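Residue numbers (my numbering), protein chains in the order written: chain A, 1 to 314; chain B, 1 to 250.
There's no promise every hint is true.
What the hints assert, rightly or not - Below are the DMTMM-like pairs computed for lysine to aspartate or glutamate, each with C-alpha atoms no more than 20 Å apart in a straight line:
hint : chain 1 : residue 1 : chain 2 : residue 2
1    : B       : Lys-52    : A       : Glu-98
2    : B       : Lys-200   : B       : Glu-226
3    : B       : Lys-115   : B       : Asp-153
4    : B       : Lys-186   : B       : Glu-83
5    : B       : Lys-200   : B       : Glu-179
6    : B       : Lys-52    : A       : Asp-216
Stated by the list, open to error - Label pairs and their calculated CB-CB ranges:
hint : chain 1 : residue 1 : chain 2 : residue 2 : range
7    : B       : Gly-62    : A       : Arg-217   : 32 to 38 Å
8    : B       : Asn-165   : A       : Ile-140   : 39 to 45 Å
9    : B       : Gln-67    : A       : Gly-147   : 48 to 54 Å
What the hints contain is simulated information worked out from the structure, not anything from laboratory work.
Since this is a predicted model, take the numbers as computed values, not measurements.
Glycine included, each C-beta is placed from N, C-alpha and C at the ideal position.
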Amino acid sequence: MPGRRLLILFALLALSCVFYLTYGARGDIGFALQFRGPKLVALMITGAAIAVSTKLFQTVTGNRILTPAIMGFDSLYVLIEITLLFSLGGFGYAVLGESTRFSFSLVLMIAACIALFGTLMRQTQRDLHRMILVGIIFGILFRSISGLLVRMIDPNEYAVLQSNLFANFNQMDLDLIGLSSLLIGVAIFAAWRMRNTLDTLELGREISINLGLDHDRLVLVVLGIVALLAAVSTALVGPIIFFGLIVTSLAHQIVPSFRHRDLLPGTILIACIVLVAGQSILERVFHLDTTLSVVIDLVGGLTFLVLILRGNIR
Amino acid sequence: MIEIQNIRYAIGNSLILDQVDAVIPKGEVTAIIGPNGAGKSTLLSLASRLIKPDAGAIRVDGHDVHQASTAEMATLLSVLRQENHIASRLRVRDLVSFGRFPHNRGQARPEDSEKIDEALDMMEMRPFENRYLDELSGGQRQRALVAMILSQDTDYILLDEPLNNLDLVHARNLMMILERLKNVGKTPILVIHDINYAAKYATHILALKNGTTFANGPTSEIFRSEPLSNLFDSHISIQTLDGQLIALHH
């Protein structure tokens, strides 16, 4: 049953991709593909990264409403980038080179997430309401510090960073595609290899320890993967708060399974369909009158409210 | 045999357990009894590796539970705690099949489904095996969780107040299942408040009071008026009714 649904999703994704690549392309199709191909790849790896990081985060926290973005992972990455720019200055920042800087920010991000959110999770131990609160406060804190630093730096230097501060699918950081694809691929492969363990981990600390998992260590490993994925997707398009939430909620509705071997591909496919189809429609049909991230955050914000009001957050 | 050696555990400045020493024999049903706040559940949490003791050790068949590999311990000792929040939307059968995880690491084998069927039948959960957990009553849910522990098929089975939420028929059935498990060589250990259930089904009693061992021995030694009255600091008289010892405490 989940297998057939996954096939249907796969077919839908293939359709969306063809639509994205060919719709409205006049003249030489090869020429259009050269432009649209890399963007399509970027959309899909971003979708996959957000999908997997959100699902993994929900698995280790044992809830279906918190996502790394809501908990402030994306804003933390933005803060790290701004702090780097602030402390190195625009020149130093540029000299460092894109991939060195990127790798450096990633390492910082993973360390910071494990330290911060690892401790937080040990403290709140499945006290969901406290986690939501702390997460939202973290998000505001990171954004405010970033805001302060942004006001203190040279406007020219600020321009270097601008693409990372706002979600934008029209101006993705395409230089990073190679490295990003590799990192996301490795992270998703690691998650896939853990799929059976993740099913058990989702049962909570008590039961998973009883079943012989080294729960606390595994949670840190998973948080590391989540941090990596969140950082890469933020670097590619910027922070989109509610995208992960939409995708995992849809996946839980569409893929009738509790197993990660079904849910991981399901969330990835749904995320890619939403991004590719959404971007094609906005870009080609509405000619960029609106940006996808705004639509996503609007729909996602409403989903978030509905989930909270219906009270089925577990 | 479970050896509890000189266990000490504190939260902040309050000492929860101090100098707890006891040997729980293999092949018997052991009841852990004691007033509220005696440290019964804490002792179970320690034995189940959820928390680490500040001093002392707990050994199961010679393996220190906090030193041995947790994956190996899961094939020797299973634990059901009082509260379990499960985020996944699971059917009863899926939950019970997780009991096989320590043995198959999530790769289901044919022999696993036999164990799962057996556990479901024992807890009379076969008719509900395709229900989702959130469609069950509290008692059915409790029985599903016990079935998961049974399918784990370990020599030692620790249960923290397993009779909670169970009506009297299912409570009695569960106790009879524990007795049956004892007869096939397993060692069930349970924290229990109803001392009359303890008297009828447990062959061994570990009594805790104020975070330390109060008494540890065969039920016949401990289920007497004097030790029980001292344990609970209130008068408890023991009567014989239909050849069965009954504690009158109200």
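Results of checking the hints against the structure:
The straight-line distance between the Cα atoms of Lys-52(B) and Glu-98(A) is roughly 46 Å, outside the 20 Å bound, and the hint therefore fails. The straight-line distance between the Cα atoms of Lys-200(B) and Glu-226(B) is roughly 18 Å, inside the 20 Å bound, and the hint therefore holds. Among the hinted pairs, Lys-115(B) with Asp-153(B) is consistent with the structure: their alpha-carbon atoms are about 8 Å apart, no more than 20 Å. Taken as a hint, the Lys-186(B) and Glu-83(B) pair is broken in the structure, with Cα atoms around 24 Å apart against an allowance of 20 Å.
Pair hint Lys-200(B) plus Glu-179(B) holds up; C-alpha atoms about 10 Å apart against a cutoff of 20 Å. Only pairs whose Cα atoms come within 20 Å are accepted, and Lys-52(B) paired with Asp-216(A) is accepted, the gap being roughly 13 Å. The hint said 32 to 38 Å for the Cβ distance between Gly-62(B) and Arg-217(A), and at roughly 25 Å that hint is violated. The hinted window of 39 to 45 Å between Asn-165(B) and Ile-140(A) holds, with their beta carbons roughly 41 Å apart.
Range check, Gln-67(B) to Gly-147(A): about 50 Å between beta-carbon atoms, so the 48 to 54 Å window is met.
Hint compliance for this structure: hints 1, 4 and 7 are broken, all remaining hints hold.
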